[in-house]
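Put together the whole structure using the sequences plus the hints.
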Amino acid sequence: MIEGTRITGRHTRDVELPTGRLAVIQDRTTFTLIPQHADLAKMRGKEIDVAIHNQTLTLALSRGRDRGLS
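Positions 1 to 70 (the numbering used here) are the ones given, in order, by the sequence shown.
Hints are computed from structural coordinates only; laboratory data are not their basis.
Accuracy of the hints is not assured; some may be wrong.
Below, computed lysine to aspartate or glutamate pairings styled on EDC-like, alpha-carbon distance capped at 20 Å [unchecked claim]:
(1) 46 with 27
(2) 46 with 14
(3) 42 with 16
(4) 42 with 27
(5) 42 with 14
Since the structure is predicted, the reported quantities are computational estimates derived from the model, not experimental observations.
Here it is as structure tokens:
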């Protein structure tokens, strides 16, 4: 991810590559690989917001629209 980038998506799974373990964050049309972090394990399957600022990765549960049935 590039400095100042923000993404929203679902943490779908982890992948193991020669460079290390990465988390897959997927939205409707694309996916992004980010370095695995201990806090991500708690967020698997959930919609999350990811941002990078000052070389720091910030993770938060998304506050998107409610997807429940009405």
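Out of the numbered hints, which ones does the structure contradict? No numbers; nothing is violated.
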